[in-house]
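K.L.:
Chains as they are written, first to last, in numbering that gives the first Met the number 0: chain B, 0 to 440; chain R, 0 to 127.
Mixed in with the good hints, there may be bad ones.
Said to hold, decoys possible - From the structure, some residues in chain B lie toward chain R, with a derived Cβ separation under 8 Å: (1) Arg273; (2) Thr298; (3) Ile303; (4) Arg304.
What the hints assert, rightly or not - In silico negatives: residues of chain B with every beta carbon more than 10 Å from chain R: (5) Lys67; (6) Arg122; (7) Ser154; (8) Leu208; (9) Glu239; (10) Tyr257.
If you're looking for bench data, these hints aren't it; they were derived computationally from the structure. By construction, the Cβ of each residue, glycine as well, lies at the ideal position given by its N, Cα and C atoms.
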Amino acid sequence: MRYLPHTDESRKDMLNAIGAKHIDELYTHVPSETLMSEPLSSLPSHMGEMQVESHIKALAEKNTPTSKLPSFLGGGCYHHHIPASVDHLIQRGEFLTTYTPYQPEVSQGTLTYVYEFQNYIARLTGMDIANASMYDGATAVTEAALMAKRLTKRSNVIVYPCVHPDYIDVLKSYSTHSNGTVELGTEPDENTACVIIQSPNYYGLVFDLKELREKCDAVGAKLVVAVTEIVSLGLLPAPEVADIVAGEAQSIGVPMSYGGPHLGFFACKKQYMRQMPGRLCGKTVDADGKEGFVLTLNTREQHIRRDKATSNICTNQGLCALAFSIHLSLLGETGFKTLAQLNHTQACKLADALESIDGVTLKTESFFNEVTASFPISTELLKDELSKHSIIGGIPVGKTLHSMVFCATELTTDEDIAKLKAAIETILSEHSTNGGLSHAV
Amino acid sequence: MDIPSHLKYTAEHEWLEIEGNTVTIGITDFAQSSLGDVVFVELPEDGAEVSKGDHFAVVESVKAASEVYTPISGKVVEVNTELADAPDMVNSNPFGDAWFVKIEMSDAEELEDTLDADAYTAYVEGIQ
Numbered sequence: 000m001r002y003l004p005h006t007d008e009s010r011k012d013m014l015n016a017i018g019a020k021h022i023d024e025l026y027t028h029v030p031s032e033t034l035m036s037e038p039l040s041s042l043p044s045h046m047g048e049m050q051v052e053s054h055i056k057a058l059a060e061k062n063t064p065t066s067k068l069p070s071f072l073g074g075g076c077y078h079h080h081i082p083a084s085v086d087h088l089i090q091r092g093e094f095l096t097t098y099t100p101y102q103p104e105v106s107q108g109t110l111t112y113v114y115e116f117q118n119y120i121a122r123l124t125g126m127d128i129a130n131a132s133m134y135d136g137a138t139a140v141t142e143a144a145l146m147a148k149r150l151t152k153r154s155n156v157i158v159y160p161c162v163h164p165d166y167i168d169v170l171k172s173y174s175t176h177s178n179g180t181v182e183l184g185t186e187p188d189e190n191t192a193c194v195i196i197q198s199p200n201y202y203g204l205v206f207d208l209k210e211l212r213e214k215c216d217a218v219g220a221k222l223v224v225a226v227t228e229i230v231s232l233g234l235l236p237a238p239e240v241a242d243i244v245a246g247e248a249q250s251i252g253v254p255m256s257y258g259g260p261h262l263g264f265f266a267c268k269k270q271y272m273r274q275m276p277g278r279l280c281g282k283t284v285d286a287d288g289k290e291g292f293v294l295t296l297n298t299r300e301q302h303i304r305r306d307k308a309t310s311n312i313c314t315n316q317g318l319c320a321l322a323f324s325i326h327l328s329l330l331g332e333t334g335f336k337t338l339a340q341l342n343h344t345q346a347c348k349l350a351d352a353l354e355s356i357d358g359v360t361l362k363t364e365s366f367f368n369e370v371t372a373s374f375p376i377s378t379e380l381l382k383d384e385l386s387k388h389s390i391i392g393g394i395p396v397g398k399t400l401h402s403m404v405f406c407a408t409e410l411t412t413d414e415d416i417a418k419l420k421a422a423i424e425t426i427l428s429e430h431s432t433n434g435g436l437s438h439a440v
Numbered sequence: 000m001d002i003p004s005h006l007k008y009t010a011e012h013e014w015l016e017i018e019g020n021t022v023t024i025g026i027t028d029f030a031q032s033s034l035g036d037v038v039f040v041e042l043p044e045d046g047a048e049v050s051k052g053d054h055f056a057v058v059e060s061v062k063a064a065s066e067v068y069t070p071i072s073g074k075v076v077e078v079n080t081e082l083a084d085a086p087d088m089v090n091s092n093p094f095g096d097a098w099f100v101k102i103e104m105s106d107a108e109e110l111e112d113t114l115d116a117d118a119y120t121a122y123v124e125g126i127q
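Sequences and hints are given; from them, build the entire structure.
P.N.:
Okay, structure coming up:
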């Protein structure tokens, strides 16, 4: 394709045609503080292809991938093994399609795996139905809150503080310009649309949801369960007491990729189908009785309901949903449970190792693959010191609490855990002898 | 095109049947045939207060979602719950079983803005 830039003359003609004197007049509705103030000429000059490749490679090498060092990062983005077959299969021509899967006659490959993805998510979550259109866990959980508000015609949302902090931020952002409140951890009442809880929560703790279900039922509020680590559903009971289960499915088939793209999921009870965001893919037969797949229940989306759309989620995370579906189908039910068991086994070893270190206290009693431990030194300092030992530590939480969330997956080896323990012991010893110890919680 | 002579109509293609101070509202034959196969009707709650011009219901067909407006103010005193299980009645019998709501009027003078069957017939012929 030839690159044909506009000439000054053609720009002038276009502006004249719409009665504008300068291109800036087209952006008067955009807040001035969000417009770029520096001229584009401040960009570096062009480079040749080989120079660009070399430059980008040098930039990429500044990153330390989790595949190179022992990593204990979790917190909503997980390092799991992805079989080579997943990458191979998602690139097959049968799955390539036109931009939008709205035309069933040309997109049966896409519609088939969307249908499969929905079924997988519904079965894993214990819900009746699931869609396949969510960007990530944070927006999926927020859509769940919006749906609960539509269902109950109530405006207030209660979110437990142990829900992923990024999810709470996104929920609050969405709520900024809508009616109602977002409160942290209060008791539900007759104005509560829903209560949002995460299990396992941000600190790794697994919740028993029955008591909260009863509290919600007592006041007619919906129960939304967020799941950031979908592998946990291989070992823990499906949260079927919930009205809506939403969260993140990145763990299966999708790499961490520096935080995205991720794969949100959304599942609910059948009676809420009409208020569900996005659309569903259904199986049907054509005039000749041949099986086929179609998108259905589109009427909440903006291409049909315009400004009254109940969801602005339209893009299907297609490639990620495909990777998930292929990976899960390769694992099968038994393989998925085995994977979950492997994760938990390594997390138990990790917990034991942390607890055996003098001065370290384990804060998580019941967990899946993440645990929180508190330390007698700042965990920001601990994180930096661990990196000097070539270890990617956990996520520091609550700077004054000296706590860190650690994650173990099937990729965490016994040697990794032993290396972490030895490094922490050394670091604590050094900071104890040089007077660097601060108060413990 | 069926346009019963005893009903009143609006330019938004609702029909009204007036009995005393209560008005029954549905959508016209022209509206249902324009929408195509109706798959869902979202209705207000019994007891809801509505004002003239409010949208009080949504009709979903296979490829469209259309709002239904009330030409009169008042209180919803009855809702046709059978439409939830059989929305296709809107297509098969728009003036009979497929009524949407009954509204107790708060201001009967608002009816002056509605059309009679002849005026609605002319209006529909004009936009076809």
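K.L.:
Work down the list of hints and note, for each, if the structure agrees.
P.N.:
Structure-based check of all given hints:
1. Arg273: With Cβ-Cβ at 6 Å, under 8 Å, it holds.
2. Thr298: Interface hint status for Thr298(B): holds (4 Å vs cutoff 8 Å).
3. Ile303: holds (5 Å)
4. Arg304: Interface hint status for Arg304(B): holds (5 Å vs cutoff 8 Å).
5. Lys67: holds (51 Å)
6. Arg122: Its Cβ never comes within 10 Å of chain R, the nearest being 26 Å, so this holds.
7. Ser154: holds (16 Å)
8. Leu208: holds (30 Å)
9. Glu239: Since the minimum Cβ distance to chain R is about 25 Å, Glu239(B) lies beyond 10 Å and the statement holds.
10. Tyr257: Correct as stated: the minimum Cβ-Cβ distance to chain R is 39 Å, above 10 Å.
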